[in-house]
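Each residue of the sequence shown is one higher than the last, beginning at 289 in this note's numbering.
For the record, the hints were derived by calculation from the structure and aren't laboratory data. Note that the structure is a prediction, hence the values are computed from the model and not measured. Here a beta-carbon is modelled for each residue, glycine too, at the ideal position from N, C-alpha and C. Do not take every clue at face value.
[Stated by the list, open to error] Listed next, the in silico DSBU-like pairs over lysine-lysine satisfying Cα-Cα at most 30 Å (straight line):
no., residue 1, residue 2
1, 361, 615
2, 300, 551
3, 551, 377
[What the hints assert, rightly or not] Listed next, with one range per pair, are the computed distances between beta-carbon atoms:
no., residue 1, residue 2, range
4, 472, 504, 23 to 33 Å
5, 393, 366, 25 to 35 Å
6, 293, 541, 12 to 22 Å
7, 477, 623, 33 to 43 Å
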Amino acid sequence: MADRIETLWYRKGRPLWPLLPLAWLYQAVSRYRRRRLQAEAEPLPLPVIVVGNITAGGTGKSPLTAWVAGQLKAEGWRPVILSRGYGAKRPSDRPLVVTPASDPAEVGDEPVMLASQTACPVVVHPRRLQSAEYAMALELGNIFLCDDGLQHYHLARDLELVVFDGSRGIGNGESIPVGPLREMPSRVAEADFVVVNGEPGPGVPEHPQRFTMHLEPVAVRNLVTGESHSPDWLEGRHCHAIAGIGNPGRFFAELRARGADVKPRSFPDHHHYSPADIESGDRPLLMTAKDAVKIRSFAHGNCWVLDVEARLPETFRPALRHALARKMRARGLTPDIQ
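Construct the complete structure from the given sequences, taking the supplied hints into account.
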């Protein structure tokens, strides 16, 4: 059902138009909530960068979060990633520090993936402000990076990075439940940067600081043995593929573009896998890094992960650095970097 609704959101026309009154109500409540929470939010003594989107579904937020974390570390920062922990079966009532060995059922799949990819502390809790306060008490780092936190207005922020899927843009341009919009496109003008995953199509809003991101496959890795090959390994291979992510079609298309003959199977975002889900006979079973953290405990020897890294223009690094410095000066903060 969720896949069908998302398909309707991202096609031309408005087949869900009878729900328009609910969309108008959604936007009215969202605007009120945003104004109220922004007025109440108190800035933290550490800088906060938020990565998010104005549409529902996958756009590439987590890969961008990992990329920004890497850039901050390279410049001497000690970033702490804040996450809600979507997909956790047993969410905790207190903040939890995530490690690569953490159980995704307890903390969520994306936090475990980000902890593995970035080697940064990741703290999960539905209220990111509580996570930030917990991280400060433990002195885990000196800058916060909030993954999928654009609408979490309890948390005051210094920089906002809004991510779009270049091929899907804003879909049919309507608000939930008629379309995919969490907030209206005019909201983008208030963000510091727009990052487009893939070449931007006509549905992506303009912005003076808009950059294109490409997710580049870097390896095909065996989930059991760690054996690794270049993405060229996929050429001509007959494979099964699974994906429980926000936009599984993009993953399957990437595999086909690399020459794989793929039999795909998509699952809901944050799906909790069972051994029956990963049966593939004698063919390789390909998956994303987000899926892999939930499968690793019962993976068979033919489970393979497509590892990807975000690629952004060289001009984005200094633009991000200068914007952060400008916002910190405005707040009287001094960079605590080594």
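Status of the hints after comparison with the structure:
1. 361 / 615: Holds - the C-alpha atoms of residue 615 and residue 361 are around 19 Å apart, at most 30 Å.
2. 300 / 551: Judged against 30 Å, a Cα distance of about 28 Å means the pair holds.
3. 551 / 377: holds (29 Å)
4. 472 / 504: 23 to 33 Å: holds (32 Å)
5. 393 / 366: 25 to 35 Å: Given range 25 to 35 Å: holds, Cβ gap about 28 Å.
6. 293 / 541: 12 to 22 Å: holds (21 Å)
7. 477 / 623: 33 to 43 Å: violated (27 Å)
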